[in-house]
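J.: Using the hints provided, position chain L relative to the given structure of chain B.
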Amino acid sequence: AQSVSQHNHHVILSEAASLELGCNYSYGGTVNLFWYVQYPGQHLQLLLKYFSGDPLVKGIKGFEAEFIKSKFSFNLRKPSVQWSDTAEYFCAVNLVGSSNTGKLIFGQGTTLQVKP
Amino acid sequence: GAGVSQSPSNKVTEKGKDVELRCDPISGHTALYWYRQSLGQGLEFLIYFQGNSAPDKSGLPSDRFSAERTGGSVSTLTIQRTQQEDSAVYLCASSLGQAYTGELFFGEGSRLTVL
Numbered sequence: 001a002q003s004v005s006q007h008n009h010h011v012i013l014s015e016a017a018s019l020e021l022g023c024n025y026s027y028g029g030t031v032n033l034f035w036y037v038q039y040p041g042q043h044l045q046l047l048l049k050y051f052s053g054d055p056l057v058k059g060i061k062g063f064e065a066e067f068i069k070s071k072f073s074f075n076l077r078k079p080s081v082q083w084s085d086t087a088e089y090f091c092a093v094n095l096v097g098s099s100n101t102g103k104l105i106f107g108q109g110t111t112l113q114v115k116p
Numbered sequence: 001g002a003g004v005s006q007s008p009s010n011k012v013t014e015k016g017k018d019v020e021l022r023c024d025p026i027s028g029h030t031a032l033y034w035y036r037q038s039l040g041q042g043l044e045f046l047i048y049f050q051g052n053s054a055p056d057k058s059g060l061p062s063d064r065f066s067a068e069r070t071g072g073s074v075s076t077l078t079i080q081r082t083q084q085e086d087s088a089v090y091l092c093a094s095s096l097g098q099a100y101t102g103e104l105f106f107g108e109g110s111r112l113t114v115l
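For the protein sequence lines, the chains are B and L, in the order given. Letter by letter, the first sequence follows residues 1 to 116 in our numbering. Letter by letter, the second sequence follows residues 1 to 115 in our numbering.
Everything hinted at is true.
Computed list of chain L residues with no C-beta within reach of chain B, every gap over 10 Å:
1. T13
2. G28
3. F65
4. T76
5. R111
6. L115
Here are the simulated EDC-like pairs of lysine to aspartate or glutamate, each with C-alpha atoms no more than 20 Å apart in a straight line:
7. B/K49 with L/E103
8. B/K58 with L/E103
9. B/K61 with L/E103
10. B/K49 with B/E64
Everything labelled a hint here was simulated from the structure, so no lab data went into it. Ideal Cβ positions, reconstructed from N, Cα and C, are used throughout, including at glycine.
The following block holds chain B by itself, in its conformation from the complex (with noise of 0.2 Å):
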């Protein structure tokens, strides 16, 4: 069955730090992919999003995401993280075909601690 994997369940950095969260996916056909935060007390929301082109991704708040192909990655990053990161974090493929339905398969979410 298809499947998302997020790696790093929780993840404690000091405020400046660099950040990359790992996304791994099987499937070997065609896929959209997500980055979905959910902030502490808040609903999930989009931060990210590639269908197609440009596999660097640029989001919400200084997020960015690569897509690689042959690693079946895609990776979030971000150069310096705030306090106000502090939240959920999860990766999201959405299997394009003709049964596409627009559903989502979502990784485990990453936990993101940001000290100030």
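T.: Below, chain L without anything else, positioned relative to chain B:
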């Protein structure tokens, strides 16, 4: 409203009781999804609606779970004879349609606790 609305926000029930969770999607969004978020488990897909029909029910964990959508708008997720393992946050999301080019918009969820 402007966003996806879910009710109740919190529900505590006793094992064996039935519960209903409601989702009111963004106006004009034809696609509606239910997910379940358990601690350390990420988001688990339950069911997808396009209009009032549910072409993908593959994620419903057992026949105790059912969902319907009426008028292409409000959806209700029903859990019969609740069990403790049903405790989770149930999330609803909507999007513009089956020709998927956009994002899912999530509600704040209904937290279910089964005692």
